[in-house]
Amino acid sequence: MAEPLIQVDQLRTYLRSGDKTVKAVDDVSFTIQRGETYCLVGESGSGKSITALSIMRLLPKDITSHPSGAITFQKNAEPGGAIELLETDQEDMRTIRGSRIAMIFQEPMNSLNPVYTIGEQIMEALQIHWPDMSDEQARQKTIAALADVQIPNPEQRVDEYPHRLSGGQRQRVMIAMAMACEPDLLIADEPTTALDVTVQAEILRLMQELQQRKSMSILFITHDFGVVAQIGHKLGVMKHGEIVEQGAVQDVLSNPQHDYTKQLLAALPENLKQNNRAAMLAAFRVKQKANKEEADLINIENLKVYFPIKKGVFRHTVDNVKAVDDVSLSIRQGQILALVGESGCGKTTLGRALLRLEEPTSGVFSYAGNVLSSLSQKQILPYRRDLQFIFQDPMSSLNPRLNIATTLIEPMAVHGIGKNKDERIALAQDVMQQVQLDPEYIWRYPHEFSGGQRQRIGIARSLVLNPKFIVCDEVTSALDVSVQAEILDILLKLRADRELTLLFITHNISVVEYISDEIAVMYKGKIVERGDTDQVTSSPQHEYTQKLLSAVPRLHH
Amino acid sequence: MTELTTKTNSGYAKSVLKNTFSQISARIGFYWIAAVALLAIFAPFIANSHPYLMKTTDGISSPLLQHLIPADVIIIVIFITVIVLYFLKKNLAFNVLALLTVLVVSTILSFALIKPPQLVVYEKYREMERNNQLEWVVNAPIPYSAKDYLRDYGETGMEQPLADDKRNHWFGTEQSGADVLSRMIHACRIALGIGFVATGIAMLIGVILGGLMGYFSGIVDMLGMRLVEIFEAIPTLFLLLTFVAFFGSSLYLMMVIIGLTTWPGYARFVRAEYLKLRRMDYVQSAIACGLPLRSILFRHMLPNGIAPVLVAASFGVASAILFEATLSFLGLGLVDNPSWGQMLNQAVQSASFYWWMAFFPGGAIFFTVFAYNLMGESLRDAIDPYLKKKT
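Chains as they are written, first to last, in the working numbering: chain D, 1 to 557; chain X, 1001 to 1391.
These are computed hints drawn from the structure, not numbers from a lab. Quantities reported herein were computed from a predicted structural model and do not represent experimental measurements. A virtual CB, placed ideally from N, CA and C, is assigned to each residue, including glycine. Watch out, some of these pointers could steer you wrong.
20 Å max Cα-Cα, derived EDC-like pairs, lysine to aspartate or glutamate [as the list claims (entries may be wrong)]:
#1 Lys1014/X x Glu448/D
#2 Lys1018/X x Asp19/D
#3 Lys1276/X x Asp393/D
#4 Lys1276/X x Glu359/D
#5 Lys310/D x Asp1221/X
#6 Lys1276/X x Glu358/D
#7 Lys526/D x Glu342/D
Simulated restraints, written as ranges between beta carbons of each label pair [stated by the list, open to error]:
#8 Ser362/D x Met1222/X: 21 to 27 Å
#9 Thr95/D x Ser1015/X: 41 to 47 Å
#10 Lys1090/X x Leu86/D: 54 to 60 Å
#11 Leu1088/X x Gln379/D: 42 to 48 Å
#12 Lys1090/X x Val321/D: 36 to 42 Å
#13 Val1348/X x Pro60/D: 53 to 59 Å
#14 Leu86/D x Met1222/X: 22 to 28 Å
#15 Gln379/D x Val1104/X: 24 to 30 Å
#16 Ile1024/X x Asp422/D: 42 to 48 Å
Just chain X, with the same shape it has in the complex:
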C-alpha cells in the first residue's frame, strides 16, 4: 500500500486510495497490518530479556541497546526516515533517492560500528536481580527474548498461559521453554519480510518481462509467454521442499524461490495491460514525440497499468506468508529463529494437543492473510470501472 501512495500523487492514485479505504474492510485490514508492522519494527523493544536500563555497582547501563544487532538499527532508521519523508511531502524521486541513501548509509554504518556481544546470556540479569546486584532495573514489557529458553528456571517447556505465578507467559511457553508471545512478536518480521521481499522480487521480474512482452508483442511476446508457462508449471511448494532438503533452510533462499516462481502471474497482468495501453493515444503520442523507450515503458505506461498488479501483489504477499508457514509447519522451516508456522507445528507434535500453540500463531497467520486479502479486494473494487459506474 505504501508503494501506491508514494508511486504517484496524481488525482487518480488519491481517488483510488480514498475509494479503497472508504471501505471498512480495507481499513480493518490496514490497521491489522500496521499493527503487525509496528510490532515487527519495535520487536526488540517490546519483548527482550535485556533490560532497558539498570543500575549496578558499575553505574547505569542499557543492556538492551548494547545487544541491538545491526538489522534492528537499520529497520528503525528506515522507519524514522519514512515518517520524516511522509511529513516533508516531497516528490517521488526525492523520496526514493532519500530512502535508498539512508538505507545504504545506515547499513554500512551499523555493520561497521555496531558490534553486539557474541555470547548472549539471557539469564544474567535475572541472576543479578536475585543476587541483589541491581539497585534498580527497567525491563521491557515482555521481559523474555525470543530465544531465551529460561534455563535458570529449569524445565519450562509447554506451559499453559499464565500457568506459573512467578513468570507471566501470556501465551504460554513452547517446546524449548521460550515465551510464545515474545516469539510471535519477533516472528512478525519474518512474516512481513518474506511477504514483501518475495512479492517484491516477483513483481520486479513480472513487471519488466510482462511489460516488454506486452509492448513489443510479436516474437518477444511468444517467447516470453512460453517462459511464463514453463515457470507456471513449477510447483512452488515442492521446489521449496527440494531446496530446503539440499541446501538447508534459509529465509533468504525461501524468499528468492518464492519470488522466482510466482512472477508469471504478475507478468501476465502487466502484459495484458500493456497490450491494451500500447494502442492508447497518449502512448502513441509519446512514440510520435520521439520519447525514449525507457520513458514510454515506465513513465507513460507503468503508472497506468500498475493497479491490477498491486491488487495481485496484496494477494501474493498473503500467499508468500502461507508458504513460509506451511514449510515451517512441515518442520522444514527455520530451526532456531521464531516463525508462526513453526510454533503451529509444535502444537501437534506429541500425543497431547497444546491449544495455545495452535490458537495464537494460527490466529496470527489467519488474520494477517485475511487482512491482506481484505485490502486486495477493496483495492480491486476501487479500480474496477464497472463497479464505479454502478455507484
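Just chain D, same shape as in the assembly:
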C-alpha cells in the first residue's frame, strides 16, 4: 500500500478556557489514503471539528496546546516528501492551506463575504496560491471551477454577489473555491447540515464526482449516518474526543463492535422503528379505531398566509410572499400528522398561523368546531390553553432570566389551573417527571441544562396547560441522534397517555416515518400530497414527494 496522504497519530488537542483545560481531542489516530473519503461521526461536542481545525492549524494559538501527537502530511508524491503539520510554522502553513488542504464549513450563508462577487473571492484564492497567474487566466479558471460544481451560466454568475445565490448554490461556490486550487485533501465540516435534503443529495453527488475525477481525499465530518453510508469509504466514530471505533463504512454500520456505536445506530429513527414503536402503535391504533367516527379536531379550509412586500414612499404592497397558499387540511383527534417540506416551504408559518402567532390573510380554521381564524387576540386567549407550540431551538425557547418553576407555573396561574402556588408547583413537578426530568430541577435556570433537557422543559411547558393539540416545530432537529430518540419516545408516550393530537413539523423523513400516522407534504406553500405515512413513503404519488424521498440518505440501500 502506498504512503497514506495524511496520518494523524495520537493527536491530543487541549483547549484552555479560563483555568480549566478541556481535552477536546484525546489520543486520536487515523490515516487517509489518496482518493479516499474518511468520515468522522459523533455527537455535538465530541471533538470532530476540533480535529479538523487541528489539522488545518486554525485554532487560536494562545488557548490551544498539543501535549502529544503528530500529523504527517504527504506534501510531495515521492517518498520523503512528508512534513509534520504540527511543527510547521504559520508562514509555511499558509502555503499548504487552500492549495494542498482546503476546508469547507457548515454554514454557507456566513462563509462568503457579502461585499465581493463570488468570482473575486475565488480569483483571490487562486492568485494567492499562484501569484504569477494573470487576471484573465484566473477568471477563466474560476468560470471552469464554477462549471465544475454545476452552477448554471457560470460566465454570468461569476460576477454576482453572494446574496443572489441560494444556500445550495453558495455551498457549491464554497466547494468550487476549495477545489479551484486542486487540493490533495478536502476537509468538509458538516457541509450539508444546513441544506435541504434534496440539495444535500446533489452536493454529495457532486463531491463524489469531483473526488473521482481529481483523485482527492476527503475528511468528511458529519453527524448523519445516512450521509456516511452514501459517501464514505472509512468511518471513525468519535466520543468525548476519542475515536472509539473505526473501519470500513459497511463493516462498521452493519457490524458495530463498540457499545457507543451500537447505541448511536440503535437511536436512528429508521432503526427505532423496528423496536418499540410497533407495540406502542398497535396499542394506540386499537384505541383510535374506536374513536374513528369522531369529528376532526383541527379543520383548515383554504388558509392563506401572505407576507406583503412593500415598496416606495407610501409603502404600497407590490407583491406578496405566499408562505401558505390555499391550504386545506384536517387533523383527526389523537393523530400525529407530520408536515414535511424543505426550508422556506411555509410549514412553520402554517403551524404558527394555527396558533394565531401569525395572522392569516384569508381562510378559515377551527379547533373542535370553534372557528379560531376570525377571533381577536383577546378572544383567543381561552383557547390558548388547548393549543400549544413546541419550538425548534431549545436554546432560545426558554427565558434565560426566569427559573423553570416560574416559566411553568405562570401560564397555569393565568389559565386558573391549580388553586395556589404550591399546588401549581406540585403539578409542574408532575409534568417534569412525565418528560423524564428530576422534579427538583424546576428551581434551576435554563443555562444549567443541556440541549436535550431544555427541549424536554419546552415540552413540559406546553404540557402544563393540559393541551389537546400541540404543534411541534422541528423539535428534534437541533438535537443529537440519541437525544432525538429519547424526545421522540417521550412524545409518543405522551400522545398515548394524554390522547394528544400533534402537528409534527419536520424536514427529517426518517423521523416522520418513525413517529407519524399520517403525512402531508408541503411544497411552495401548498400541500402536494397527503396520506397514510407508510403508504406515502412506500409509494409516493406526487413528483416532488418522489424527489424528496429519493434524496434521503439511507443507512441501508
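Mind docking chain X on chain D? Use the hints.
Chain X only, in chain D's frame:
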C-alpha cells in the same frame, strides 16, 4: 448599578456584574461613586456648624440633630433600609415593596414630626465658645455648614486653602466666605440626585414608550419614532436656559427637563431590543401560553433587553451632572444652595484666577463623570457577546 443587582438575581445578572467588576476600571469608578454617595448621605454629619453635642448651663444638647431637616432624615432612613435589605437577601418584589413603604412612611413621619428651627444662626456656637458659655463641645469634622458665611469673622471671601491659622479651610473659602470643602460635600447630593432622578425619569419614559413601539411595531412604531425624532430635535441646554430665564432656577425643574429631553435615546435602545426579542421563541411561547401583555412586556422581555439601557443610563447620569454643572457655571443654576458648577463659576468671575475654586470642584465633576463612564464602558464590555467570545 444597584438597580441591576436588585433587578434579577439570576445567573446572568450575576455573571454580568462579576464580569463588569472584574475590570479594574469599573472597580475604581464604583469606589469613587460609592465614596461620593456616602459623602452625600452623611453630609450633615461631616460638615456642619452645629456641634454634635455640647454642654451648657442648661444641660447637654445636640444642636446638629435638632437642625436636621426632613430630607436628611429620609435619606438616612432609606440608606439604612437598603443595607438591611441587602443582608436579608429577600426577593426583588419584597425589596421594592419594603423600600417604597419605608420611603412613604419616613417621608410622612419626618415632615410631620421634624420641625427644625426656622431661624438658623450658625455663629451662635462659636460665640458661645468664645464667651465660655460651653463646658465642652464635640464638633463635626468640618465645623462649617455649607451656608455658614462666617459673618462673625468679618470679611472671609476668597481665602486660599489654609490661609488663616485660626480657621482650617482645607479647600479655601468661596466668594461669600463659606468653606469650599463643606459646600462641595453638600453639593454631592445635588450632583448625584440630578443624575439619578433625571436619568430615572428618562429611563422610565424611554422604556415604556420604546417597549410599546418595539413590541407592537407597525403604526405604533411609526408614530412613536416620529415623537422620538421631535424630542431629539430639542436642544436640552437651550431649553434649560429658557426655562431658567422664565421660571427661575429650580433643581426639580432641571431634573424634569433633562429627563423629558433625554428619553429618546433610551426609547431607541429598548425599541431595538424589543424588535429583536419579539421574535424570540420564549416570547412567542409566552404569547402562545396566553399570558397577559403586561407580563410579556415587563417580565419576559424587559429583563432580557434592559442591559444596553443600563449602559446608556450610566453615561446618561454623567451627562446630567454635566448639564447641571454647565448651567451653574453659566450663573443660571442654584443661587444659594451649593453646587460644583456654581463654585467653578466663581473661579473665573473676577480678574484674578482663584485656582482652588477651579481645581477642587472641577476635579470633583471630572472624576464623577469619569467614574460613571468607566462603569458604563465596563458594563458594555461585560454584556457584549462578541467580546466574550474572544476571551
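* To do: Tell me, in ascending order, the numbers of any earlier hints that this structure violates.
  => Of the numbered hints given earlier, those the structure breaks are 12, 14 and 15, listed in rising order.
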